[in-house]
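Chains as they are written, first to last, in the numbering used here: chain A, 1 to 499; chain B, 1 to 499.
What the hints contain is simulated information worked out from the structure, not anything from laboratory work.
Keep in mind that this is a model prediction, so the values were computed, not measured.
Just to be clear, a hint being listed does not mean it is correct.
Said to hold, decoys possible - From the structure, some residues in chain B lie toward chain A, with a derived Cβ separation under 10 Å:
1) Met60
2) Ala69
3) Leu73
4) Lys136
5) Ser140
6) Val155
7) Leu320
Idealized CB from N, CA, C, for every residue including glycine.
Number of protein chains: 2
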Amino acid sequence: MAKAPKSAISPTRAENYPEWYQQVIKAAELAEVSPVRGCMVIKPWGYAVWENMQRALDGMFKATGHVNAYFPLFIPMSYLEREAEHVEGFAKECAVVTHHRLEPDPDGGLRPAGELEEPLIVRPTSETIIGETYAKWVQSYRDLPILINQWANVVRWELRTRLFLRTAEFLWQEGHTAHATREEAVEETYRMLDVYADFAENWMAMPVVKGEKTADERFPGAVDTYAIEALMQDCKALQAGTSHFLGQNFAKACKIQFLDEGGTQQFAWTTSWGVSTRLVGGLVMTHSDDDGLVLPPKLAPKHVVILPIHRSDEERARVLDYCRTLRDALQAAPWSGGTVEVELDERDLRGGEKVWQHIKRGVPVRVEVGPRDIAADSVFVARRDQSPKDKGSIARSEFVASIGDVLDDIQSTLFERARAFRDEHTRTIDDPADFEAWFRDGPGGFASAYWSEDPSTQERLKALKVTARCIPIDTADDTGPCVFTGAAGGRRVLFSKAY
Amino acid sequence: MAKAPKSAISPTRAENYPEWYQQVIKAAELAEVSPVRGCMVIKPWGYAVWENMQRALDGMFKATGHVNAYFPLFIPMSYLEREAEHVEGFAKECAVVTHHRLEPDPDGGLRPAGELEEPLIVRPTSETIIGETYAKWVQSYRDLPILINQWANVVRWELRTRLFLRTAEFLWQEGHTAHATREEAVEETYRMLDVYADFAENWMAMPVVKGEKTADERFPGAVDTYAIEALMQDCKALQAGTSHFLGQNFAKACKIQFLDEGGTQQFAWTTSWGVSTRLVGGLVMTHSDDDGLVLPPKLAPKHVVILPIHRSDEERARVLDYCRTLRDALQAAPWSGGTVEVELDERDLRGGEKVWQHIKRGVPVRVEVGPRDIAADSVFVARRDQSPKDKGSIARSEFVASIGDVLDDIQSTLFERARAFRDEHTRTIDDPADFEAWFRDGPGGFASAYWSEDPSTQERLKALKVTARCIPIDTADDTGPCVFTGAAGGRRVLFSKAY
């Protein structure tokens with residue numbers, strides 16, 4: 001006799017985590033591989049999650065004084081060359097436009113024609129093209145600061161891609177600011193790191209560590225790079241957002257200069273910061289389980305799905321009527337997160353199939369309503385953060401009155417659960433043997449250890465497939481003997497395997 | 001003695017309309033030419049207008065049952081070739097990616113490397129890549145309809161570009177739907193044309209004519225193209241949005257097939273429809289005057305600007321205090337268009353300079369507040385749809401109570417003014433000499449005339465620089481003798497010079 005599957009997603013996380021990730025995305029209809037190498041199609045449910053992320057982040061950017069604008073998709077090849085580290089960092093993975101039309105090929109079909117005088121790069125990031133523009137806008141200290149964000153698509157020609165986590169084209173936002181002083185630019189760098197951490201924890205319910213990147217993990221051209229790092233359920237870290245203090249590097253490369261209050265010509269100080277559709281991958285890996293996607297209510301496109309149950313046409317009319325009233329009541333119910341979005345699923349599908357679709361798609365609350373519930377004026381409720389078997393009857397009025405609290409509770413439960421997992425898999429380690437054992441003998445996680453950044457230690461990390469994730473801001477001043485070399489003055493670094 | 005300029009924008013519309021257009025965009029800080037050929041930088045004020053357009057349209061798309069998704073930026077060259085008219089229409093103006101990295105050039109600098117096996121086209125429109133995807137999604141009639149919209153950037157390598165109206169890269173939305181029947185697809189095509197007309201008239205305050213395109217103006221690959229056409233102040237028409245009935249052309253090219261209820265394999269029927277940042281250009285040309293941009297309140301990023309007037313520090317504190325209270329009261333005031341967005345301009349600039357900046361940027365209502373106004377508990381108000389000299393004192397409480405009505409009145413005044421202009425410059429013409437005179441001797445406008453679409457008449461139109469804009473839906477059944485050939489059965493076509 002064939003054994004019934006124990007979960008909706010196969011394989012489970014324990015069986016094969018990377019494959020489980022792909023299957024969750026497929027079952028939840030978030031995205032799929034496109035026919036274009038390395039590019040994905042973001043399907044409506046996945047895009048709705050991204051739209052919610054955009055809306056929340058955009059509000060936070062505006063609340064911190066930023067405005068949106070839009071800069072060209074293309075960057076002249078010569079612009080990239082202006083900042084040496086920058087071009088080094090991006091030259092190996094960029095899409096190059098060389099022609100501006102197609103013409104009939106004598107062998108049949110078409111071929112590129114109209115060669116450009118200078119090739120154009122499809123932006124992998126926009127520091128240079130935006131820097132060139134700021135140079136025109138800035139003359140005096142009165143023109144500063146410039147606080148602009150852009151929502152855009154970017155292309156980095158990755159060889160190994162993975163839905164949301166690493167794709168040739170992805171969607172993101174990139175903030176680019178210019179300031180009169182170093183202090184202001186540093187302050188901005190930290191401010192946006194804080195915004196990202198706030199968003200990750202309070203919207204995504206994904207706990208993060210804020211920290212400075214070690215020298216070899218910096219953004220190409222940055223003086224300092226800061227990041228938020230989260231721990232996924234396979235104990236690998238995900239860099240979920242970065243904020244760069246660019247010093248005067250790009251201001252010098254692009255000639256962003258201004259007359260200060262004393263009449264002296266100065267170079268501006270710039271920052272850039274970004275998060276991308278990679279966050280959707282982080283969301284999936286932080287909360288989802290072996291039954292599919294789990295969404296924190298504050299980012300879920302729908303919060304409640306109502307599933308009418310009926311056997312006859314007469315029942316159907318009566319049940320749907322009751323369900324519509326329930327939907328309207330829920331949509332009018334107060335919730336700290338805004339409007340409660342309700343889907344009434346009237347599709348003519350088997351009940352079990354329907355329920356499992358919504359479980360796999362991660363809708364936070366499911367409500368079943370049949371004739372018996374109506375008779376009792378109650379509803380049958382299940383929460384996505386609990387087992388599919390944990391469902392129970394509750395008076396309709398009580399359910400409507402409590403929906404806001406239920407959604408808040410799911411949001412905080414998901415966060416606490418993820419934080420407990422992260423804390424369980426974080427260890428302070430001062431002994432090299434313990435360090436190796438942590439990553440070799442168990443699932444690993446975050447290891448907090450003093451490190452000298454001595455190049456000789458890189459081989460040991462490489463052998464473990466471990467990288468320095470960041471120097472956490474909370475313990476930035478904490479120094480001690482390097483876990484590998486024993487040299488004094490090592491900084492507390494968070495290590496882990498990573499995406 | 002130098003003559004004082006009579007208006008804030010030079011040249012005026014009458015003096016040089018195309019140059020006036022560029023100067024309005026510059027003075028209002030909407031956009032500028034970028035260093036990348038044919039691409040523009042959309043500046044924060046211009047982008048905020050586009051964001052408001054997006055928000056309104058997105059709500060209308062969702063209200064008509066559509067969802068958003070995202071498809072790849074790149075289209076394999078072979079995809080374009082699948083629909084013969086489609087490739088013919090776009091091959092001459094597309095950006096072609098041929099390489100995926102840069103390498104050091106022995107002569108210095110960099111050069112493209114890593115040639116792709118198949119060139120990729122930066123999407124000029126997405127029928128083919130989306131069609132390929134729909135073909136995978138659709139098996140049964142139960143999978144239809146698919147009602148998806150995408151907000152994206154597209155590239156068409158135009159030789160002669162103009163900010164917003166015609167740029168190599170532009171932002172747009174493209175709806176792509178697939179249906180089980182011809183009737184449903186036709187209905188969708190009309191529905192979205194109506195949505196565009198509704199948006200143009202009720203948000204942009206821009207009157208439009210809905211109509212069908214004549215055969216030679218159709219979208220490449222479409223069976224029927226419908227458009228909304230608006231008349232600009234120079235009496236040229238602007239095609240402001242299009243909705244295409246694609247029949248089964250793309251379904252056949254991309255193999256979008258399904259089993260119908262009777263179990264027969266069928267090709268789907270598809271539509272596509274789009275509007276772009278070109279609408280911002282239409283907005284500028286419809287309402288702006290010789291003092292700069294004029295914005296309909298429903299799309300203005302700010303509705304009221306408060307300008308504090310003070311001479312001493314003591315006055316400053318008192319005036320700002322009063323202004324902040326006023327701002328809060330205005331922002332809480334009821335308005336059919338939503339929240340009243342108020343800017344309190346505290347910048348340390350000469351009063352006149354400040355006022356003129358806001359006039360040029362098109363803020364609908366300006367309020368000046370000085371110590372004398374405070375003493376009388378009144379404010380000094382000016383409307384952007386009236387002369388800069390028409391300003392007057394009004395009791396503060398009355399102003400706050402009426403702000404919603406004032407904004408509604410500005411919105412409808414702008415629409416009525418534009419409609420009166422359009423109607424004044426529209427004429428029904430049945431005589432060929434009148435037709436030529438209309439476009440040759442006066443400013444022209446819309447000429448409504450019977451036309452046979454006979455190729456022999458194209459030369460006459462070309463000589464006048466006139467094109468057939470559309471066959472208005474309202475008079476679609478009206479036929480008569482062709483204005484040029486006298487042949488019976490001509491349809492009522494709207495002609496004009498056009499952008």
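Do the hints match the structure? See the list:
| no. | hint | result |
| --- | --- | --- |
| 1 | Met60 | 16 Å, violated |
| 2 | Ala69 | 5 Å, holds |
| 3 | Leu73 | 5 Å, holds |
| 4 | Lys136 | 8 Å, holds |
| 5 | Ser140 | 13 Å, violated |
| 6 | Val155 | 7 Å, holds |
| 7 | Leu320 | 19 Å, violated |
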